[in-house]
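Student: Taken in order, these protein sequences are the chains called A and B.
Residue numbers are given in numbering that gives the first Met the number 0: position 118 of the first sequence equals residue 117, and the series is strictly consecutive.
Residue numbers are given in numbering that gives the first Met the number 0: position 28 of the second sequence equals residue 27, and the series is strictly consecutive.
Hints may be right or wrong, so weigh each one.
The list treats identical chains as one, so a pair stands whether inside a single copy or across any two.
List of simulated lysine to aspartate or glutamate pairs, DMTMM-like, C-alpha gap at most 25 Å [claimed, not checked]:
hint, residue 1, residue 2
1, 121, 52
2, 66, 6
3, 121, 159
4, 50, 188
5, 40, 80
6, 40, 52
7, 50, 170
8, 50, 80
9, 66, 17
10, 66, 188
11, 40, 140
12, 121, 106
Because the hints were derived from the structure by calculation, they are not lab data.
Protein chains: 2
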Amino acid sequence: MGRWEPDARERLVLAALDLFSEQGYENTAVAQIAERAGLTKSTFFRHFRDKREVLFGGQEVLAEMLKAGIAGAPESAGAVEAVEAALVAVSAGLTEERRAHGPRRREVIAGNVELREREALKMVGFAATMADSLRQRGVPELEAGVAAELGLLAFWRGYDRWLETGGDFAEVARRTFAEVRAATTAVLEGGE
Amino acid sequence: MGRWEPDARERLVLAALDLFSEQGYENTAVAQIAERAGLTKSTFFRHFRDKREVLFGGQEVLAEMLKAGIAGAPESAGAVEAVEAALVAVSAGLTEERRAHGPRRREVIAGNVELREREALKMVGFAATMADSLRQRGVPELEAGVAAELGLLAFWRGYDRWLETGGDFAEVARRTFAEVRAATTAVLEGGE
């Protein structure tokens, strides 16, 4: 399939983002999204459970990548190295296409409190996934929680940066995670 | 007002938690809550905007306390000390009454995805409030973000612990925050 012939899922995402931007998320019906994409409602529902899924679909995949990244880190890796492996692993899911939608997707979410709530819970879920995976590697309970939160901060800030700059997410995330660790050291030293 | 004559707001909270536990959050109407509390619907709406507010009302007050705690820390205080001041300040809002409702409130929230989403966004808001207050003290941007996340982790874990043990939240939170910082040091050292 060539560049100018995106598949149904992609057409639905683009149509939905267009409509959400034009007339608001609340005012957009699934039927309109399908129509704009030149597809049927039943095609929509083969790809997405509901309207919200257009914005949040694919996040289970990212969570699975984070998990696999941690599980696949070398046996000798500590919590930091394992979290870094998760950030590198997730880059496979952060495609150029995803980046192209990123800013508009974020704008739609920012404009609706229920979507912001959903996004927040998803982030909590990412941290919990990483913490659980670290515990399964034998990282002590609280250390796993801390490492996951620092990793999430790096993920989140790295994602924002990547939306702006593009390029390889793994590289951006690695650099951001190094900055987060340096800032953490500064915070702890300032508190002694 | 004596112990056995709680005020209207408290009666409404208790009635709501009873009903949510008995028949589910979704199946409970405001009218039922008012009736169970022996009050009118209009009294309910003088205290709460909607049904969800019964569970989340009072959180703006906690956020204000966190903010005031950071703003009121000594000028010489670093980020860690300022976050600790926030955790101590918030203890004024964590009353014995609040503790008594805590486990049931948590159970209701755990059973409903929309409530979990709301709770997650509230937590994100707490971290953002602390980070902003730290930045206003001149703490560098990323360090403020990190310190706020570590503080939130301590708040959250300290809260769980306090629900179980009771006592002064300030003392529990201080101890938990010290543990979080020790775990953070261990994570960073393991990653060198």
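Student: I want to check one pair: residue 50 and residue 188. Are their C-alpha atoms no more than 25 Å apart within a copy, between two copies, both, or neither?
Tutor: So residue 50 and residue 188 fail the 25 Å test inside a copy (47 Å) and across (45 Å) alike.
Student: Please sort residue 40 with residue 52 into within, between, both or neither, judging by C-alpha distance up to 25 Å.
Tutor: within (14 Å within a copy, 36 Å between copies)
Student: Please work out whether the CA atoms of residue 66 and residue 188 approach to 25 Å or closer within one copy, between two copies, in both situations, or in neither?
Tutor: between (31 Å within a copy, 23 Å between copies)
Student: Could you figure out if residue 66 and residue 6 sit no more than 25 Å apart (CA to CA) within one copy, between two copies, both or neither?
Tutor: neither (28 Å within a copy, 49 Å between copies)
Student: Measure nothing new, just compare the shortest in-copy and cross-copy C-alpha distances for residue 40 and residue 140 to 25 Å and report within, between, both or neither.
Tutor: Neither, since 46 Å and 46 Å both go past 25 Å.
Student: Between residue 121 and residue 106, at a C-alpha cutoff of 25 Å, which is it: within one copy, between copies, both, or neither?
Tutor: both (17 Å within a copy, 20 Å between copies)
Student: Pop the pair residue 66 and residue 17 into one bin, within, between, both or neither, using alpha-carbon distances up to 25 Å.
Tutor: neither (33 Å within a copy, 39 Å between copies)
Student: My question is about residue 121 and residue 159: at a cut-off of 25 Å on alpha-carbon distance, are they close within one copy, between copies, both, or neither?
Tutor: both (16 Å within a copy, 21 Å between copies)
Student: Can you give me the call for residue 50 and residue 170, within, between, both or neither, at a CA distance of at most 25 Å?
Tutor: Cα proximity of residue 50 and residue 170: none, with 33 Å in one copy and 46 Å across.
Student: Are the CA atoms of residue 50 and residue 80 at most 25 Å apart within a copy, between copies, both, or neither?
Tutor: neither (37 Å within a copy, 45 Å between copies)
Student: Can you tell me if residue 40 and residue 80 fall within 25 Å by alpha carbon in one copy, between copies, both or neither?
Tutor: neither (45 Å within a copy, 56 Å between copies)
Student: Within, between, both or neither: how does the pair residue 121, residue 52 come out at a Cα-Cα threshold of 25 Å?
Tutor: Both ways: residue 121 and residue 52 sit 12 Å apart in one copy and 22 Å across, limit 25 Å.
In terms of the numbered hints stated before, the structure departs from hints 2, 4, 5, 7, 8, 9, 11, listed from lowest to highest.
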